Amino acid sequence: MCLAVPGRILSIESSSGLRMGVVDFGGVSQEVCLEYTPEAGIGDYVIVHVGFAISKLDPTRAEESLSTFHEISALPGTP
Amino acid sequence: MTNFSFVCPVPDPLVDFVTQSHGAGGKLSQELIDKVFLPAYGNAILANKSDSGELLVPTKPGRLAMTTDSFVVRPLVFPGGDLGSLAVYGTLNDLAVQGAEPLALTAGWIIEEGFSICELRRLAQSMGDALRRCNTQVIAADTKVVERGHGDGCYLTTSGIGWIRDGVAMKADRIEPSDRILLSGTIAEHGMAVMTYRNGVEFSPPLQSDCASLWPLAEKLLAEVPSIRVMRDPTRGGIAASLNEFAEASKCCLRVWEESVPVRPQVRRACELLGIDPWVVANEGKLLVVVPKEDADQALRIMRSDPLGVDGAIIGEVDSTHPRKVIAQTRFGTHRIVPMPTGELLPRIC
Amino acid sequence: MMNDFNSEDVREVEALVQGIRRITTKNWTVMEVCGGQTHAILKNGIDQLLPPTIRIVHGPGCPVCVTSMEVLDRAMEIASREDVVLCTYGDMLRVPGTKSDLARVRSQGGKIRVIHSPLDACKVASEELRLGTGRQVVLFAIGFETTAPATAMAVRAAYMQSLPNFSVLVSHVLVPPAVEAILSDPEHGIDGILAAGHVCAITGYEAYEGIAERYRTPIAVTGFSPVDILRGMLAVVTELESSKGSDSCNTRVINAYSQVVERTGNSVARRALEDVFESCDQVWRGMGTLPQSGFKLRSKYQAFDATDRFVSDFGSIDYPALATIQNPCRAAEVLKGKIRPTQCEAFGKHCTPAYPLGAPMVSNEGACAAYYHHQTRHDPDVLEG
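Chains as they are written, first to last, in our numbering: chain A, 1 to 79; chain B, 80 to 429; chain C, 430 to 814.
If you are wondering where the hints come from, they were derived from the structure by calculation, not from laboratory data. Fair warning: this is a prediction, and the values are worked out from it, not measured in the lab. For each residue, glycine too, the CB sits at the ideal point set by N, CA and C. One thing to keep in mind: the hints can contain errors.
[To be verified] A few chain B positions that, by computed beta-carbon distances, are all more than 12 angstroms from chain A:
| hint | residue |
| --- | --- |
| 1 | A119 |
| 2 | K139 |
| 3 | F282 |
| 4 | L353 |
[What the hints assert, rightly or not] These stretches of chain B come out as covered by chain A in the derived footprint (C-beta under 8 angstroms, 3 or more residues):
| hint | segment |
| --- | --- |
| 5 | 154-164 |
| 6 | 283-297 |
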């Protein structure tokens, strides 16, 4: 459930009154709604579900941060 | 007295759209052929406009192979190809994996009334380009027009005839334990390119289909590695379907090392985003080959020396542990069974 | 080699597995409540890595599987209308209702669009308006609390733009009541729970603290990669092993997905949910009605409710009675983790993804489909875990 994939915000703009961004998922990018992650800016990583960023990915908060962060560019995780 | 006009202008058949008259076999049909199809992929045989195309059977000992395929791809045009080029490569590839050198193709168009002539010209031209690239010809063709609402734009059926030299006899039931499984390159590209377009998912950059003719690579492999058991181009159902077909026919177990299957990072990410398994996605320019263990390295070298096989890899081996099953070995040393895929490829959110 | 598998996670997975093996001394049953986790576990064979004393069971973590038959039938009815385009996620297309499924409705002429995001549905509605087709667009909004904020945004956008031809068939379900329902069965047999990480990214995990306390069951907020799943598992097993024989522990919620989840969740999303939805009783297919376990639109947005806009023609289908006719589909027991899919007599025989008897076999991350697709249990080499 809740297929969500991490990606990096490349750009931000307003579209039809919504805060939207182009997010790079590692070679492919898509337009994503950033309304729910106002704290995330260009260069930040977010977790994206159904075209919405639902959380900012904060690698420093992870217990063992580095390996997870490195997984982002080679993530086999969510099916 | 009423003024009669005796001028009754014939509609210009090439103004914009295909009409029923274009399929009726008369003057307008001829105009369509002369102005759209012949300029795109015409040749001496087609120019004769005989009822049948003739060709000479090759003199080297061997046998004929024939194949047919109907192409109903949506959208008609996608990054890396279109209906026209796909119809050529797809049919040539069906011949190639059987070990058949292409001799000629036929083309049957079913076009919906109202279809844009400009688009049709584009598809025909694409077909012509692909044929020239592959040094093959269409020697017989047909066009029918169906009523609006019955044709989804355009369908194309191509049949291909080829020549298999004596000594080439590939079949999946020849696969034996200890054989190696090779894949010529990165998977899931065609299916993802088409599907994302179809479902209105836009990726930037757009995913490209891998649509291409496999005969040159197949020919090289056959010449240098005559022991090849079987080849397949994993189209609908992806490598999962083809591997299962091999397993079923040979009654062996096909064991694939997951991390050795080449996938472009962008394609993998796109698959993840849509919840799709790359192994079940269609390819249109990839070869799956099974060879005896001792010939695997050489087969790999030949693959990698071809532009279509630069990312070639040995992805697994055959054993007799679980007959008729395909097993994926994960990078953790665990494994799972890979079943024959069922059903339409659908993006998911859950 | 053109591949990007990260083999660093192999080392980390190994370390986590060693850690779990070292501390495990007893039999533990751990339930995960997320189809994505079911899938990840089976796909990567995580259950094969764990010591045989740890048994993983799968809960009702598939919002697709638990969407009620009544809502499904309603979606099909609406989609069959000449003047409607139904926008749905791909997951729902082949889920069987009482008589049919959306894929079949589509083949019979129903206008059904597969979408990737609720905002796509708004775009379709605007497009239909622009083209003057006179068609209504209905968003079939399923999913857990992870997806509900996206639906909320679409509703608000439609509200702001006064989109006249847009409405939503709401069928969101909430996880904590389902977990509570499972644990309140005195014979549940579950020792620990892996909570769905992406749901918690939205809701936070405060709600689970009460549950962990009341039922004395440790809960770990868990992600979806092999590493994250094992971190969650390690957290739960550590908790269980350290508190065995003692009455005072076993009540913790551990955040094993802290790079994504905060205890209070996503406050902006929660406010949006608060604004657009209120909770209500909801039918969970295979589980019956769970109190306060679903969402419905608040009166402010009532105009966008598809059930009001399209009057139902159903007549009287006795859904509760239908729900008791399980034979031979044992989805209810599967969803509660009482049986493994492979223990159902119909599994793999009369019930397959091509010919599903119930929702968990249709939805890709339903437990039955996941087991079927990965079939580890059919492999005699695999350790029973």
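Taking the hints in turn, this is what the structure says about them:
1. Every Cβ of chain A is farther than 12 angstroms from the Cβ of A119 of chain B; the closest lies at roughly 33 angstroms, confirming the non-interface assignment.
2. Its beta-carbon lying about 46 angstroms from the closest one in chain A, K139 of chain B satisfies the requirement of being farther than 12 angstroms from that chain.
3. Taking the minimum C-beta to C-beta distance to chain A, about 4 angstroms, the non-interface status of F282 of chain B is violated against the 12 angstroms cut.
4. Separation of L353 of chain B from chain A is inadequate, the least Cβ-Cβ distance of about 8 angstroms not exceeding the 12 angstroms criterion.
5. Coverage of the segment 154-164 of chain B by chain A is violated in this model, with 0 residues showing a Cβ closer than 8 angstroms to a Cβ of that chain against a need of three.
6. Under the rule that three or more residues need a Cβ within less than 8 angstroms of chain A, the assignment of the segment 283-297 of chain B holds, with 3 such residues.
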